[in-house]
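Protein chains: 2
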Amino acid sequence: MGISDRKEREKEELKSLILSAAKKLFLQKGIEKTSIRNIADQIEYSPGIIYHYFRDKNEIFHALHQGGFQALMNKMMVLENVRHPLERLKAMGSIYIRFAIENPDMYDLMFIKEAPIDHVYDSEHDDWKEGSGTFDYLRLTVKECLEKGYFQGHQAEPLSFLIWSTVHGMVSLHIRKRCEVIQLEDRATIVDQSLEAFFKILDKI
Amino acid sequence: MGISDRKEREKEELKSLILSAAKKLFLQKGIEKTSIRNIADQIEYSPGIIYHYFRDKNEIFHALHQGGFQALMNKMMVLENVRHPLERLKAMGSIYIRFAIENPDMYDLMFIKEAPIDHVYDSEHDDWKEGSGTFDYLRLTVKECLEKGYFQGHQAEPLSFLIWSTVHGMVSLHIRKRCEVIQLEDRATIVDQSLEAFFKILDKI
DNA sequence: AAATTTAATTAAACAGTGTTTAAAAAAGCA
DNA sequence: TGCTTTTTTAAACACTGTTTAATTAAATTT
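Respectively, the protein sequence lines represent chains A and B. All residue numbers for the first sequence refer to my numbering, where the first residue is 1 and numbers rise by one. All residue numbers for the second sequence refer to my numbering, where the first residue is 1 and numbers rise by one.
Misleading hints may appear alongside valid ones.
Identical copies go unnamed one by one, so any copy, or any two together, can satisfy a pair.
To be verified - Capping the alpha-carbon separation at 35 Å, the derived lysine-lysine pairs in DSBU-like fashion look like this:
1. 200 with 143
2. 148 with 177
3. 177 with 11
4. 75 with 57
5. 15 with 200
6. 148 with 75
7. 177 with 57
8. 75 with 29
9. 75 with 204
10. 113 with 177
11. 11 with 57
12. 29 with 177
13. 129 with 75
14. 24 with 204
15. 24 with 200
16. 143 with 129
17. 204 with 57
18. 15 with 75
19. 129 with 15
In case anyone wonders, no lab produced these hints; they're calculated from the structure.
Model the full assembly from the supplied sequences, consistent with the hints where possible.
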């Protein structure tokens, strides 16, 4: 079946061609200003072809956001060398925030925009496996901290969510430009300063 | 000058007519699906008229988000009866989160969407006074806590931002539907549970 | 090799969007 | 009443996501 193999291959190639064009335009102009026609122009096909590979625009951006989780996971891999669970937890926070600040559009897509998550709910497999995988890792580390005697009197699930919320809150206020309320002298460094304060709190509780 | 007084009045009336129509449609269908033509239909005028009262769509939603801050501030007014700064801080958190959960679309507009903040940057008076006013109140309370000896070793600005980030993180993950990662048994109550955990932490540091 | 079937691709249309412009209608003033 | 100013509208522009039927290209069969 050599022919259908090649056809399969060509289909995959065009699909990833669409995806890379979409990613390029998305990082240049944002999700709203990246149109199906823009993507089609970029790959020199007609707009209609895209609907043979993706159900709708949301599915394209869901596929893109998967790539973002892959990238974040890769950055998290250095944590395997950090034995101490509390140290690992802090390092996770630093990596998470660094990823968000360095890739604001991708972070936005992964954790703020409605497009990819809407696609999850619209499709048959209605669980957000990308997010769940990442949160599992956080929960595991928090549980390890609890086992080692840290965070006494706390439960893993709410505490994990609290920690996630804290770092997500900081970067999403930054990305969505709500940090103007911060005094000018602290504005540029507020996320780093607050993360330091957060680490100090984690040591104390 | 009775006539120009009436004209002034009529202008204001039409402006707030546009605004209330916009608000109604926005709460029904969201910002993206509320079109200028929808608003014009609702008030039984032609679409063009709207541009005599607002520069663009963003300005309309900036005006709406101001109303949201007014509503939030009103809810915060009960705090004047809470003397103890740490108790007031916690109550602020509860009110903030309650407001967000009960008015998700308005909260979204105020703290997540780019429309109102884009208008702030596009217009001449480029400071976000609505957000600044609210944050000032938080900072004041945190400072009072510091004066009373709480949160030793922390600075007001980073700590205030950290606290804001924590509550904003929780509700924005909820509003933007990223809470699916939470175990089913905790999912419905995760924000409340995490807020409780946060209060416990605030007591300890 | 030619005819037929299947798959890939496109052009065109639909129903919408925010915004601008020039024309028309209404209101105010002399 | 005639003139001027203000208010309002119709129409156009350049887009948008998506669906449909028609067309082109490729693969298979005769």
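Tested hints:
1. 200 with 143: both (19 Å within a copy, 18 Å between copies)
2. 148 with 177: Between copies only: 32 Å across, 38 Å inside.
3. 177 with 11: between (40 Å within a copy, 32 Å between copies)
4. 75 with 57: within (28 Å within a copy, 39 Å between copies)
5. 15 with 200: neither (47 Å within a copy, 50 Å between copies)
6. 148 with 75: within (25 Å within a copy, 42 Å between copies)
7. 177 with 57: both (26 Å within a copy, 19 Å between copies)
8. 75 with 29: within (25 Å within a copy, 39 Å between copies)
9. 75 with 204: both (27 Å within a copy, 33 Å between copies)
10. 113 with 177: Both. Shortest intra-copy (15 Å) and inter-copy (10 Å) distances satisfy the 35 Å Cα cut-off.
11. 11 with 57: within (18 Å within a copy, 41 Å between copies)
12. 29 with 177: both (17 Å within a copy, 24 Å between copies)
13. 129 with 75: within (18 Å within a copy, 38 Å between copies)
14. 24 with 204: This pair counts as neither: shortest intra-copy Cα distance 44 Å, inter-copy 47 Å.
15. 24 with 200: This pair counts as neither: shortest intra-copy Cα distance 39 Å, inter-copy 45 Å.
16. 143 with 129: within (20 Å within a copy, 42 Å between copies)
17. 204 with 57: neither (46 Å within a copy, 48 Å between copies)
18. 15 with 75: within (26 Å within a copy, 51 Å between copies)
19. 129 with 15: within (21 Å within a copy, 46 Å between copies)
The structure fails hints 5, 14, 15, 17 (numbered hints given earlier, in ascending order).
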